[in-house]
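Student: Using the hints, put the two standalone chains together into the complex.
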Amino acid sequence: MEKIGENELVKIGLFYDRVGWEEKRLEVKAKEMGIDIRPIDAKVYLLDVHVEPKTLHEEFGEVVLQRCISHFRGLHLTAFLESKGIKVINSYKVAEVCGNKLLTTLQLVKSNIPTPKTIVSFTSASALDAVERLGYPAVLKPVTGSWGRLVAPLKDRDTAMSIIEARELMNNPLSQIYYIQEYIHRPPRDIRCIVVGDEVITAYYRYAPPGDWRTNIARGGKAEPCKMTKELEDLALGAAEAVGNGVLAVDMMESDRGILVHEVNSRVEFRGASSVSNVDIAKAILEYAIREWKR
Amino acid sequence: MKAKCLECEGEIKLPDDVVEGEIVSCPDCGADFEVIKVSSGKVELRAAEMVGEDWGE
Numbered sequence: 001m002e003k004i005g006e007n008e009l010v011k012i013g014l015f016y017d018r019v020g021w022e023e024k025r026l027e028v029k030a031k032e033m034g035i036d037i038r039p040i041d042a043k044v045y046l047l048d049v050h051v052e053p054k055t056l057h058e059e060f061g062e063v064v065l066q067r068c069i070s071h072f073r074g075l076h077l078t079a080f081l082e083s084k085g086i087k088v089i090n091s092y093k094v095a096e097v098c099g100n101k102l103l104t105t106l107q108l109v110k111s112n113i114p115t116p117k118t119i120v121s122f123t124s125a126s127a128l129d130a131v132e133r134l135g136y137p138a139v140l141k142p143v144t145g146s147w148g149r150l151v152a153p154l155k156d157r158d159t160a161m162s163i164i165e166a167r168e169l170m171n172n173p174l175s176q177i178y179y180i181q182e183y184i185h186r187p188p189r190d191i192r193c194i195v196v197g198d199e200v201i202t203a204y205y206r207y208a209p210p211g212d213w214r215t216n217i218a219r220g221g222k223a224e225p226c227k228m229t230k231e232l233e234d235l236a237l238g239a240a241e242a243v244g245n246g247v248l249a250v251d252m253m254e255s256d257r258g259i260l261v262h263e264v265n266s267r268v269e270f271r272g273a274s275s276v277s278n279v280d281i282a283k284a285i286l287e288y289a290i291r292e293w294k295r
Numbered sequence: 001m002k003a004k005c006l007e008c009e010g011e012i013k014l015p016d017d018v019v020e021g022e023i024v025s026c027p028d029c030g031a032d033f034e035v036i037k038v039s040s041g042k043v044e045l046r047a048a049e050m051v052g053e054d055w056g057e
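So the sequences go chain by chain: A and B. Here the first sequence is numbered in this note's numbering, starting from 1 and rising by one per residue. Here the second sequence is numbered in this note's numbering, starting from 1 and rising by one per residue.
If we strip away everything but chain B, and leave its shape as in the complex, we get (with noise of 0.2 Å):
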């Protein structure tokens, strides 16, 4: 499966057993998203969320 970069127009290339929530990179400008549907072969995404100071385990 392939998703548009929304920052580059870049091509990402998503795993095979991607789940919405999951954050995937676009391999030419670098910008995170998070992936929030999918259906029938297609994903939408938006922006990631930047790291929080109290991220973590």
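So that you can see chain A by itself, here it is in the shape it has in the complex (with noise of 0.2 Å):
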């Protein structure tokens, strides 16, 4: 247990752009935990290059958290805050790899993790040749961009002209990038572990709603209980270590050739998994920033 008083000197910077429930349970945890927190609106705050490092300090603190949900925003945000000395939960590196998908990817075979066959392309043309590669059906997925949207299943040759098709009518340069991954013909839920540090803390399943074939919680999908074993802890902390660390969530899928790991979120909701696991993952994460912030 957490003794009140003993992190009476510490105080973190909770970045954000919009309080949801993970930055409320964030907040309260730290106060409950003696910490100093210091929210802070990203939205309003002006980035000052020229500002004293140690100015900063004093603001919040020596580490922050950095929980924008604008993934570009974070990034910037991040960029600014570490070239000041300030440790960043999660790092620029890790929050860029992540936020990636083809940079997840690479980083994932170069640590020889097990992971869908996948292949990019950057015009409609060479697009259709990826998923004729990959085979019927196959998925197409925007290489940034979260909570599962536009990823669109390639069921046949009708369906992926039309779907790429339209992705090249979209004024954004990354739809132009075609991530295209293999179908894993997989139960209807995916395995998410959530890592803090060098531990994974808890594992749980997420089922895909009614009427779609996504797992996303902010689709609609649900959480449920998953046991976790040796193969799902290594994976998780192997996927973990690929893209740099941090407090992560690593997304797996059961296939007939093993264990696939396809994501992994460096902004982690933990809403669905607080619903279904015993951890307090608040905690874990401050006690984990303490560490950093410490070492």
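If you are wondering where the hints come from, they were derived from the structure by calculation, not from laboratory data. These figures come from a predicted structure and were not determined experimentally. Each statement offered as a hint is correct.
Result set (BS3-like, lysine-lysine): computed pairs, CA atoms no more than 27 Å apart in a straight line:
1. B/K13 x A/K29
2. A/K11 x A/K283
3. A/K29 x B/K2
Tutor: Here it is as structure tokens:
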């Protein structure tokens, strides 16, 4: 148990752009632990590149939890804070890799973590070639972006052509990066492991909601407890290490060739996990932040 | 705690533990607002940001 007063000298910044369930939990838990938590709205915060690092340290401590829901906003903020010598969880490097599906896949492959077969291409014509090489069905995903948005199953050539054509018309240049993956015939669920530092603190299943094949809690997916095994633990820690370690959610799928890691998330949402796990995830994150600060 | 919707003037009920930065919705018109100030039983709201393409975990 955390002793009252033990953390009274600890000051932790909490950057947010939208306060959700997780940010509220972190704030409440920090106060319970005696931490001087400093919530800061990134939307109105000015990144004065000439500011003295000392000023920032006084303002929100030596360590910052970066919880911006916007990936690029968070990334810029992290670069700024790290340049001033502040420890950010997660680091720029980790957030950059996890915010881009190709960069994540490259790290997983490099570290020999089993992951679905993936091909990336830059034009609609070559995207169709990539799908044909992987075979139908395949899955087209945006290289950035989350909550399962714009993730599309390509069931046959006609569907593939129309979805790729639709993507071609999107204005965002990132939409013209076609990240295509083999379709994994998995049960209607995936496994998520939450890793904090060098420990897997919980594992749970995410079941797809009725009428959808995606398992995201943001899409109405449901969490169920999942027994931790040595295999899950090794894979989750391996994947976390591959992207650079921190507070991470490692997503896995059960396939006929074993468990595959398909995603590592850097801004961990833990409401679903908390509903099925006895682990106090907010507390584990804050304790990790304190350890990192003292390191 | 309650607040008045900035769009339709409907009544928005706020959770007891409402904090600055939290998003609340108007039950009448569905508009989303961000709580920008909480003090002595009163809150200030502003229109919430639209969901961005790079949002999520």
